[in-house]
Structure formats: structure tokens, C-alpha cells
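Protein chains: 2
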Amino acid sequence: MIKLLVAGTVAYDSIETPFGKAENVLGGSALHFTNAASFFADVGIVAAVGKDFKLSDIEFLKDRNVDMSGLAIDEGKTFRWEGKYGYDLNQAITLKTELNVIETYKPHVPEGFRNADFLFLANIDPELQAHVIDQVRSPTAIVLDTMNFWIEHKYDQLMDVIRRVHMLVINEAELREIAKEHNLVKGARKIIDQGPSCVVVKRGEYGVFMMNRDEVFLAPAFPLEDIFDPTGAGDTFAGGFMGYLANIGDASSETIKQAIVMGTVMASFNVEDFSINRIKRLAYNEIRERYTAFKGCMNFGECRI
Amino acid sequence: MIKLLVAGTVAYDSIETPFGKAENVLGGSALHFTNAASFFADVGIVAAVGKDFKLSDIEFLKDRNVDMSGLAIDEGKTFRWEGKYGYDLNQAITLKTELNVIETYKPHVPEGFRNADFLFLANIDPELQAHVIDQVRSPTAIVLDTMNFWIEHKYDQLMDVIRRVHMLVINEAELREIAKEHNLVKGARKIIDQGPSCVVVKRGEYGVFMMNRDEVFLAPAFPLEDIFDPTGAGDTFAGGFMGYLANIGDASSETIKQAIVMGTVMASFNVEDFSINRIKRLAYNEIRERYTAFKGCMNFGECRI
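Chain order of the listed sequences is C and A. Numbered according to my numbering, the first sequence spans residues 1 to 305. Numbered according to my numbering, the second sequence spans residues 1 to 305.
Which copy? The list can't say, so a pair holds if one copy fits it or any two copies do.
Calculated pairs, DSS-like style, for lysine-lysine (alpha carbon to alpha carbon, straight line, at most 27 Å):
{"hint": "1", "residue 1": "51", "residue 2": "96"}
{"hint": "2", "residue 1": "154", "residue 2": "190"}
{"hint": "3", "residue 1": "186", "residue 2": "84"}
{"hint": "4", "residue 1": "84", "residue 2": "54"}
{"hint": "5", "residue 1": "190", "residue 2": "295"}
Simulated from the structure, these hints should not be mistaken for laboratory data. What you are looking at is a predicted structure, and each value in this text was computed from that prediction instead of being measured.
Chain C on its own, in the form it takes in the complex:
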């Protein structure tokens, strides 16, 4: 039984960073998410690729119990994204987007996935996100990501789907744009007033801000010396985050906080190499080791006051 379901994109990316270049490499929100989440839970993936997609390149995910029966192989070419980064790796510059098969895709959730307890709606058209929600039964947690394009072009449709989810996992600029509020605490509260019980804000190298009805939680990012490619870091975070939730099996405030830490650990690996490469070759033991190191970076005992 699939516990965790993701609907999003599988793509070919071409990326340039100050540290190198990678062309036509594996990418997409659902793939980065699944790559990370599959360390913690069985994942079902709902996405579309084109006839040009080399399925053998993601065969390794089956060894991690990923169910690909929701991956549609449509006529046409796979979604392609081309982008670059300057030294400020927090901000991607999109050079080219080719929607290809994505343009007409309507996500279909296979029957075997419909009882999933945890659903991640990666960044796609909010109308398609709503269509995915329509197909699932009663998940413990539906979590939504989005991007500036949908906020600017489909604000009402986005707000409609936000009212139907339990949590948002978005970045700082997106929170400000959705809530029309600069201050994070006020912005998160405005979203919570609309229905979701929890807002998780990704702040890149500055970590994560979480707010629910009762609490605020703040986690830093893992300090890295070498960041090769931030592409997919947000989806990798979401994958670690939701994989952890699905593994524990609840979405309590305590579990959410721990899931944020685990998402941060996974994201820290993702940026160490291009595409999905670092997490493809990751060993579970490395996750444990980095978690221990990360926890050490946050520990200060108790102030003597």
C-alpha cells in the first residue's frame, strides 16, 4: 500500500551554475521529491513524460519501493527546463521552459494510490492540483507547493485549492506574494485563516520557518562549503519532510518539526551535485551522520540566566 503520493513533474533540465554545467539531466519536482522521500516511505508518483524519456534512468527508484504506475508516457517530448544561477544560489534565472507533454496533461491517480495517507501537490497548475485532490479519499495531510507564475496568473484558483489543503510548503517570496504581506508571521497567519493548519516556509541557505495555530518553529540550513546546484533543493526538502511524516504516520506539530529537520538534511545533500545524482547514490547511513552533525550545530544547552 502506497502511503505517500506525489503529483508533479518529471523533466529534463539544463543547468548552469558558477561551478559547472549539466545538459539534459533528470529533474522535475516529482522526481526530486521521490528521490528523497523514498528513503523513508513507499512513494507513488503521478506525472507525465514524453516518448523520449529514458525510463531506465529512473529504474533505480523501484529498488526503493517507488511505484511508477502513475507515470503517464504521453505522445510528444518530456518537459524541459533551462536555467542558471549566479553566486547567489538562492535565485534561479529561467532561460527557457518547454512544456511539451505537460501542456495537455491531466493527472490521473491510479486506484491503488487513492487511499494514500499523505499527498504532496508539487508545483503545477492549481486547477490540476484540485483535480488530484478530487481523486484521493481522505489523506491525513495534503501539502501544497506552488510558484510565482500561478500566484500571478491563477490567484483565485490557487486560493481555492489552498483552502482544501492541510499545509503549504513554499518559499519566502511566495508566502509574501500569496498573503500580500511582508512579515512572515503575519503572512503565515493570513494563510492559516484561510484553512491550512500549517505553513512551512523555505528560506534557502537561511533555513526554514514553520507556523501552525499554536507554535512557531525555526530551523537553520545545514552549513555547506560547496554548493554545486540548488535545482530541486525545495522539492528534495519536501520529499524528506513528507517521507518522514509518512514514515511516522502522523502530522502532529512535533512530527512536523522533526520532518523539517529531516527535509533540511536531505536538501543539503541534493545541492552537492547536479541533478538527482547525490541523492541517487546516497546511503541511509549518511543521512544519520549528517543529522547528527546538523543537530550538533543547533545545540547550545541552556543559558545560565
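Chain C is fixed; fit chain A onto it per the hints.
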């Protein structure tokens, strides 16, 4: 006996933020520092004001055991700074600087201050910072702050004084500029290779990054809904930080981490009102309460992996 000594500026500021305006209000690095530090330790202040300065306005600091015998009252007018902020309160725009008495001031450390265990060199000309170090005996910790102006105009003199201090407390942009390195971990290491054993990097609303020879420590900032005026937040942080060190009486890695948390707590109060007002009227009990709330925002127990 004065344990903690600060050399810096006392100023009149005129500040505009999206939330209001304040004209000719108390400011300056040494004053913000002392206002915070005096909650934790006896502070001696080394700075200069002009004949126009109303000493009665800072009389309240004497009740907190601040020793003003190092405050020179020189011919001329007090240092004045005029600045404003947009909604991104991380970045001040300087509208006007009138050096006045600061222009010719040479800091003199009174005999009674020379055995201080902790010395904070607030942002002044690095040659004057060196001159202050020349006058003290053997402090446990000399901590230095600076700004882009000195990095750009007196780099060699600044590097000379950096080699003589134990710690830097600077912001992110300053670290990058001093170390000529974008990555924080690499930049901090470059500075540590020059002599200081510890680098504390202030990241505004994103918290603090600390690195010493053995460890990295990361603290978030306290989440606030209303930030009226960030002026002096960095010096207030330094005041809480060094006040805590002086109170505990050592500069071990453990104490430094706790001091960072306490500095962050103090800075969170400073931004809640213009000038030194919030911390002027602060009660020690409020510090304890906010510390407890802040610690709660960082706690996630232990991940179940």
C-alpha cells in the same frame, strides 16, 4: 571593577522606517551596546560626545552600573547619522553622516578600565581600534566589529587589527568583503587562519552563524510581527552577547553559543521601538520570558530515524 569595556560611538540619529519617523534620538554603537550589555555585567564606555549632548538622557545607565568616566565631552557637536529603511529592514540607506567630534577623537581608556576582561571594539576606524587595544592589559576576549567603509578604505589597517583580536562580530556582507569569499564556511575559515579563533556572523532576520576552530553553530532570529526600527540591532546583539560572556566569565565554545542566543534575544527587543527606547524600559523578567519562548521555537526533540 569594570569587566566589560566598549569603545565606539554615541550619536544622535534621525531615522525613517515604513512605520514612522524619529528625529535626533539617541543612538550610536557604544550606546546600543551598553544599553543591552548592562543587563548582564558592569560596563565601561569609551566614546566622545559634543557639548550639545544631553547627559541627563543617559543618566539611567548609571543605575545599571555603567561607568561613564571614559565618555569624553569634546568641543563641537555630537556625531549625527541620518538614515532610512524600506520594507526590507535588513538594509539601511544612509542619508547623511556628520562626524563632528568623532573626526578628531582619539579614544582614551581610563586607568580603571584597563584590566577589563572583555573588550568590544565597535565599528570605528581600525586605527583607533588598534589604539584601544594598546591601552588594555590582557583581556580574555577582544571582539571586533567593522563596516564596509573601513573594509574598502583601510583594508590593511583593518587586517592588522583583526590579527590582534579573538573574535569578529560582523554581518554577512562584511564577512564576504573581508574574506573575499562568498561561502560563509570558507570565509570564516579564512579569517580564523589570520588569528581570531571565532567568527560570529549576523544575518539580520535570518539569525546568526558562528564558526570557531572546531564547531559551527547556527541560531535563528526571534520571529517578530512588528519591527519598527532595526537601527542598533547589531550592536544590541553584541551587547547581549558580550554581556553574557562577561557575566559567565569565559569565552568557551559553549558559553559563546549561549551568548549568541542571549544577544539574539536582546536584539529582538531593540527593533520593537525607535532608538534605545525598548531596552531602556526593559525588565529582566522580560528577557527570561523571551528566552524561554525563543528556546521553544528551536526545539524539535529527536528525529526518529
